[in-house]
Amino acid sequence: MTRDDLPPGTVDTGEAADATGAAGTGTAPERLIPEGEYAAPDDVQDFLINIGPHHPGTHGVMRMVTRLDGEKVAGLDVRIGYMHRSLEKIVENRSYHQVIAFTDRTTDYLAAMHNDWVYCLAAEKLMGIEVPERAEHLRMIVGEINRITSHLMSVGALGLDSGATSYFLWCFNARERLVQLLEEISGARLTYVYLRLGGVIYDAPPGWTDRVREGVRSVIDELPSYRTLFHDNYIWHERSKGISTLSPDEAMRIGAQGPVLRSTGIRWDLRRDMPYSIYDRFDFDIPVGTTGDVYDRTEVRFQEIVESAKIIHQAIEDMPTGPILAKRVPRLPTPDPGEAYARLESPRGEIGCYLVSDGGMKPYRMKWRGASFHNVAMLPALSVGYTLSDLINIVGTIDPVMGDVDR
Amino acid sequence: MSAAPVPGKGWQPSAGAHGEARDGFVAAARERLGAALVGYHDSRDGAVCLVTTASGYRSAAEFVRSQGIDRFDFLTCLDWPAHFTLTLQAYSFDTRLVTRLSIRIPRDGFEVPTVTDLWFLADWEEREVFDLFGVVFAGHPDLKRILNPETWEGHPLRKDYVDHMDIKRPEYF
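The listed protein sequences correspond, in order, to chains R and X. Start counting at 1 in the first sequence, then tack on 224, and there's your number in my numbering. Start counting at 1 in the second sequence, then tack on 1008, and there's your number in my numbering.
Hints are supplied without guarantee of correctness; some may be wrong.
[As the list claims (entries may be wrong)] Listed below are the simulated DSS-like cross-link pairs for lysine-lysine, each with C-alpha atoms no more than 27 Å apart in a straight line:
hint, chain 1, residue 1, chain 2, residue 2
1, R, LYS586, X, LYS1167
2, R, LYS586, R, LYS551
3, X, LYS1167, R, LYS313
4, X, LYS1152, X, LYS1167
5, R, LYS465, R, LYS296
6, R, LYS586, R, LYS313
7, R, LYS313, X, LYS1152
[Stated by the list, open to error] Going by beta-carbon spacing under 8 Å, a handful of chain R positions derived as facing chain X:
hint, residue
8, GLY305
9, SER310
10, GLY479
11, MET498
12, GLY562
13, TYR578
14, LYS591
15, ARG593
16, HIS598
[Claimed, not checked] Here are a few chain R residues that sit away from chain X, every Cβ distance over 10 Å (derived from the structure):
hint, residue
17, PRO277
18, GLY281
19, ASP293
20, GLY299
21, LEU414
22, ASP427
23, PHE526
24, GLU531
Read the hints as simulated data drawn from the structure, not as lab findings. Ideal Cβ positions, reconstructed from N, Cα and C, are used throughout, including at glycine.
Generate the whole structure from the sequences, applying the supplied hints.
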């Protein structure tokens, strides 16, 4: 097929212009659609725009039915459930040990250590298992490394959403070094299944703690250049400051948690305020923001990386020798009938696990309190009134993991 | 399948774990809820569990909220052979007192009053319980399925739920 075979008018050959002698004079080409025919009527104010379920800005399979007034979001209806795998039903047919393989896959897979950890905490409360000291330190180190990788992923993806592609790759580069450390100790890069009821499964390989120190140090040393590239960038300030501001009262009303709550200035972190494991022994700060806008939420996450590094260094410093797994944890535990709830500060907020036993070898019921589920529930309250392009950034700052939302 | 859980061996009531906040809360609950309060106990994880009558659920939730228990944890349901247990948990930002409120409701045909006006996050949690257990919340602003498609039949987390599309899988135990 050559150009000559195409129907006349589809190819700009310049002949028409030549024929009229108007070449180069900037005359507008003839409109194929008469003006006015496809323009919106004057009385239409709102548009419904569907975003997702498959959309890069939703960070997973989430559907946002957005009502737009001009460019502003006038209403938002979030539809979830596209990745529902019924974790809670699966768990009712597994033994207590088998559940650990599901809690890191089916829930928040970017912070799998924390999800395993909260399940283990609940099950250990239910069964009265004491975790050895060394295992607590190892749990804390891998948990905080995982928090750094999760935060790097979060702020990096936010850069990607707002057009800073190279920043995303920088974050991924740093994250990769830490993921390799987790791979060294657990054998997996994303879904670790490293924690067990009563401890952890592998001890640290020789020289691992030194490599953790070096790896974390190298990431911390790079953070000033990240700040220069992205966080202090004028474009990012314009995109983030004053967007989706949240007052402390409003944050408490909608039940905000984690970095979203802290960005409003409320210094609340379960690691300090309702300590679990051995967090009460360590010295770290809780970064807070002032206005609770997109900028502050990102800042809080970014500064928490440094605090996690502090905890890792202290935990390595204090790490005792000894067993890594509690003795006499039965292969097939049958806890006494009862219930137990454990909560934990994950990178996205408060996660919890409510376990009920009827005395059998399978959990009678497990309720998963996902942080992302509640974060997404408050998304309409955060984003109405801001523009559609801001909405993508707002979704990025609450950092939803759809595995945790849909479970 | 056994009866509702009771504190087992080796369990010690942690009275005083929250100090005055816990004692004051329990005393206020006994005074304010009166006959609606069936019982209370300290869970082995440190929560104060109130058990009320089904008809007293709404007033008990209002009481809990009025005591400054503002942080919503979860709302869920337990499917026992003869009844459901609806459990709501929240904790206080100021005193860190964790409260678990339970009611016993019939498996079908009972409408639970909504608490969405007390806790913002109860909205989606109630939709989830409706979706997975079929418990209807009267007064909920938008009660529809949340995790399953709206055309889904049955309520999957009920123990008697049968998925007709499920393939046969081996019995592990």
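So, going through the hints one by one against the coordinates:
| no. | hint | result |
| --- | --- | --- |
| 1 | R:LYS586 - X:LYS1167 | holds (13 Å) |
| 2 | R:LYS586 - R:LYS551 | holds (21 Å) |
| 3 | X:LYS1167 - R:LYS313 | holds (9 Å) |
| 4 | X:LYS1152 - X:LYS1167 | holds (21 Å) |
| 5 | R:LYS465 - R:LYS296 | holds (17 Å) |
| 6 | R:LYS586 - R:LYS313 | holds (11 Å) |
| 7 | R:LYS313 - X:LYS1152 | holds (20 Å) |
| 8 | GLY305 | holds (4 Å) |
| 9 | SER310 | holds (6 Å) |
| 10 | GLY479 | holds (4 Å) |
| 11 | MET498 | holds (6 Å) |
| 12 | GLY562 | holds (5 Å) |
| 13 | TYR578 | holds (6 Å) |
| 14 | LYS591 | holds (4 Å) |
| 15 | ARG593 | holds (4 Å) |
| 16 | HIS598 | holds (5 Å) |
| 17 | PRO277 | holds (12 Å) |
| 18 | GLY281 | holds (21 Å) |
| 19 | ASP293 | holds (21 Å) |
| 20 | GLY299 | holds (13 Å) |
| 21 | LEU414 | holds (23 Å) |
| 22 | ASP427 | holds (29 Å) |
| 23 | PHE526 | holds (25 Å) |
| 24 | GLU531 | holds (21 Å) |
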